[in-house]
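Chains as they are written, first to last, in the numbering used here: chain A, 1 to 313; chain B, 1 to 313.
Honestly, the hints are just simulated from the structure, not real lab data.
None of the hints are false.
Just the calculated beta-carbon pair ranges, DEER-fashion:
| # | chain 1 | residue 1 | chain 2 | residue 2 | range |
| --- | --- | --- | --- | --- | --- |
| 1 | A | P254 | B | S188 | 44 to 52 Å |
| 2 | A | T25 | B | L19 | 52 to 60 Å |
| 3 | A | P172 | B | P168 | 23 to 31 Å |
| 4 | A | P172 | B | S213 | 39 to 47 Å |
| 5 | A | T200 | B | T118 | 25 to 33 Å |
| 6 | B | S188 | A | T25 | 23 to 31 Å |
| 7 | A | T243 | B | Q22 | 23 to 31 Å |
| 8 | A | P262 | B | G242 | 30 to 38 Å |
| 9 | B | T73 | A | P126 | 29 to 37 Å |
Among chain B residues calculated to face chain A with C-beta under 10 Å, some are:
| # | residue |
| --- | --- |
| 10 | F124 |
| 11 | P126 |
| 12 | P256 |
| 13 | L257 |
| 14 | V271 |
| 15 | N277 |
| 16 | P279 |
Pulled from the structure, derived: some chain A residues nowhere near chain B, Cβ distances all over 10 Å:
| # | residue |
| --- | --- |
| 17 | S86 |
| 18 | E170 |
| 19 | E176 |
| 20 | G208 |
Ideal Cβ positions, reconstructed from N, Cα and C, are used throughout, including at glycine.
2 protein chains.
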Amino acid sequence: MTHPDTPVPIALAPRPTPLLEQAITAGGGTVTELDGARALVWDGEPDGFPEQLPDSVEWVQLFSAGVEKWFDTGLFDRHPNIVFTSAAGAFAHSVAEHALTLLLAGVRNMPEHLRATTWRQTEFFPRVGTLRGATVTIVGAGGIGRELITMLAPLGARIIAVTRSGTPIEAPGVVETIAAQDLPQVWSRTDHVVIAAPATPDTRHLIGKDVLSQLKPTSWVINIARGSLVDTDALATALREGTIGGAGLDVTDPEPLPNGHPLWDLPNAIVTPHDSNPPHLRTIAFADHVRENVARFASGRELLAPIDVSAGY
Amino acid sequence: MTHPDTPVPIALAPRPTPLLEQAITAGGGTVTELDGARALVWDGEPDGFPEQLPDSVEWVQLFSAGVEKWFDTGLFDRHPNIVFTSAAGAFAHSVAEHALTLLLAGVRNMPEHLRATTWRQTEFFPRVGTLRGATVTIVGAGGIGRELITMLAPLGARIIAVTRSGTPIEAPGVVETIAAQDLPQVWSRTDHVVIAAPATPDTRHLIGKDVLSQLKPTSWVINIARGSLVDTDALATALREGTIGGAGLDVTDPEPLPNGHPLWDLPNAIVTPHDSNPPHLRTIAFADHVRENVARFASGRELLAPIDVSAGY
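Chain A with its partners taken away, still in its complex shape (with noise of 0.2 Å):
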């Protein structure tokens, strides 16, 4: 039994960055080594990663947000009594700011005003566009969807989500939740989509000719997902002839997208070369995840993330 004023010792491995040691502190711990530690922040790959744990040791927490690799070492396995968390949902922040900025960035017609060198208001006027009103499919409702939803609520877009099974969401701005095999049915009512979704064998080249040709020549399409979840020759054709108005891509199909493929030079493509996470916003984005999980800790409190080993994610 601790006193709740007592900081609790948690190890940080395998290097202890000033940020991660800041942010346990912040939540409400102190680093100390890994014998004693009530904790281990391990803030690395599987490799290095300690054979066996102290007694001490009640919880851990991984860096990755997916933990497929972690699987494949046993960890889990041999540590039964330990919860893991991982850092499912911290990075989805920046994504979503990644996407609205990509959606915005299309309807306020951004790629024109940039390359303008005169003042052409009256000729732009009827081009910039608003999200106020306008529907947007979301297809993906996972951490980046969700904020994604909280950030379009306040400029009045009518988002419709789509997840698997359809289960409505409850949020702001949400009106109406559809079932990913419904989603023939809504082209013809979108103004815009965006791509939140993972990549599977179902959600391969989702977006395709037949898509395409149900949206209108104001649609944007926005992926920060997975490329392949976009057929990369009929969106192509699609911008080339303007039967939608543009597309915002973080992810292309081949990835990185070669030199003098057709979507570098299309004056309605803004493609970002899969930057909407860098490295540095990751690392500060973690260490928010860390302090929250400390906190949540020492206050005995839920963690946020925890990986359900039964399950296998």
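With chain A fixed as given, assemble chain B onto it according to the hints.
Same frame as chain A, but now just chain B:
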């Protein structure tokens, strides 16, 4: 005494448009002749406004946000028993959305991304910033500033609101409200600035060499108010020397920005030709405002944007 289910008779002049007819109907009104109407929606300039209004008219909705020219006509004095409302506030949303777009486009390095024709991931990583945890100083907390605050809050920005009096603004995301006279204190702790204040002799060149020198090499300056609030030459110098990150300008001084002006070519300047509130969005926003005010009038609630005749606005 009207039965609540009976539509309120409202005249629409000088030209009835389908969009405004729909707005009146959706708000619980019905479009009628001026004789016998309880209200008048006037979608035009002072020229042509009826010399005398029938006694049945209790309320007049005018189109403009600023109503100086209406005062000049003597209309309000001729009709002391009629409530007049303006469109003040109705157009704030689009301008705030534009400001957010410029700010995000800057912080997330959209200008450089749009120029790229190769996959420059490692090079771009450190140049992708975030509004999460960034201190954004918003100068002016009228309609536009307040809309922008609601849009910035879910992005995790720490907002310093600057108002004439410094009366605290209680809204999520606002960490501090300061009076305009205390502005010199905030620059060194500001990451980004948004100018949303009126042009007055006091605010002329509010952002000049001195302020710019206190900002950071990553700071963006956004101006959606009036060009005169920024010293253009000082700004161009700061942009050229990279002492600030960039500028997003919907208004300029001079305006229109002449061909060949340095701001057109600086890679860290985004210039939009005062199109943050284009006519087609203005029309839609006015219709929303009319619908809301008709609904309020029909149910006897307080109207939006009443003109205070004694105060002169």
